[in-house]
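Visitor: Here are the chains, one letter per residue:
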Amino acid sequence: MSDRNDPIAVAAGTDMERVNAVLSDIGLGAAHLIRFTLGHPAASRTNERSAEVPILLLGNMTTERLSSILYGPHRIVVEFPESGSRTGLTDRLMSDGGANTFRLSVTTATAFKVECAKLVCDALAYRGVLPESSRFQVEIALHEIVANAILHGNLEIESHLKARPEQYETYCAHLRERLAEPERGGRWIDIAAGWDGAGLSLSVMDQGNGFRSDTAEAMPEATGSFGRGLGIVRSIATDVVTHDGGRRTVMWFAHDK
Amino acid sequence: MNFDIEKKTGKTEIALIGRITFADHDDFRNVINVFEGEEGHEIVFDLSRLDFVDSSGLGMFIIARDTARKKKLSFSIRGARNDVMRVMQVAKFHKMFTIVD
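Chains as they are written, first to last, in this note's numbering: chain L, 1 to 257; chain H, 1 to 101.
Be aware that a few hints might be false.
Among the chain H residues that face chain L by a calculated CB cut under 8 Å, a handful are [what the hints assert, rightly or not]:
| hint | residue |
| --- | --- |
| 1 | Ile63 |
| 2 | Asp83 |
| 3 | Arg86 |
FYI, nobody ran anything at the bench for these hints, they're computed from the structure. Backbone N, C-alpha and C define an ideal beta-carbon position, used for all residues, glycine too.
Using the sequences plus the hints, can you model the full thing?
Guide: What follows is the structure in structure tokens.
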């Protein structure tokens with residue numbers, strides 16, 4: 001757990017009034033806040049003040065804003081939602097895994113529009129823990145698990161809806177509706193990475209209803225328009241384990257010997 | 001994802017460009033919508049400018065193939081490279097598609 005006195009950086013462009021209100025709700029005062037200007041990677045590395053800050057709150061999440069913070073010193077990057085639920089914000093700010101970790105917490109609506117898996121892999125590569133030779137395998141596996149967390153976890157969409165081509169329009173309309181719902185679109189997706197000399201661990205957590213891994217296992221070689229994601233992950237990761245009834249998936253990638 | 005469409009006599013070539021993922025389900029309807037032609041008209045997906053595809057993208061290729069079949073059009077995929085080819089190999093796509101190159 002992080003020390004409650006850890007400073008929290010807030011990216012420029014985030015609604016400060018809401019930030020102050022929420023932080024006061026969860027027992028943190030404005031004294032913890034440091035304004036953080038997004039900028040060139042080299043600038044954030046030489047910024048000594050920001051080097052002390054493990055946690056960054058970021059509003060107006062876009063791919064551009066997210067990519068510019070990956071090269072900063074922050075271990076925990078949390079979306080500050082423009083509206084909607086604050087559920088679980090305390091846990092997200094408070095559980096710091098330490099030096100060899102990186103976490104990204106975003107809402108489902110944001111996870112759908114930014115390329116989370118690619119951005120997390122960029123962050124890991126920048127930190128020197130994802131060699132180019134493993135990049136493709138780790139990115140596609142993480143991408144598939146994040147996709148499952150978004151579509152089947154938080155948005156509760158069933159893939160068999162696109163089993164036949166004539167259903168495709170209906171599937172797309174259903175997906176749009178679910179994304180626009182504040183309750184489902186506002187649910188959190190947490191991506192956590194941890195590493196040591198033996199390998200890299202990646203975990204993805206959602207707030208959906210979970211899934212039965214026995215039925216998910218039953219499609220080792222899909223031939224239809226869905227059901228390939230977990231098969232791809234299992235053929236690539238050294239190990240894949242699901243927890244919490246399917247709401248959290250942890251993958252392990254051992255370093256090449 | 002972006003795409004370019006080139007209509008020729010007897011053939012429609014569709015170049016898919018960039019990354020095709022679960023976030024592209026909506027845009028992919030615009031690709032399917034150009035599947036028109038006489039019986040046997042060829043629909044060709046050119047993947048030579050595609051950098052990344054996920055399992056949802058592969059599912060869209062299946063939907064494209066099945067849509068072509070329903071309209072009695074022929075369907076093939078060509079030009080997959082690097083990571084796109086690797087994902088198609090993991091998913092054993094050569095068993096389900098006409099893949100050229």
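Visitor: Compare the structure with the hints numbered earlier in the document and write down the numbers of the violated ones, lowest to highest.
Guide: none
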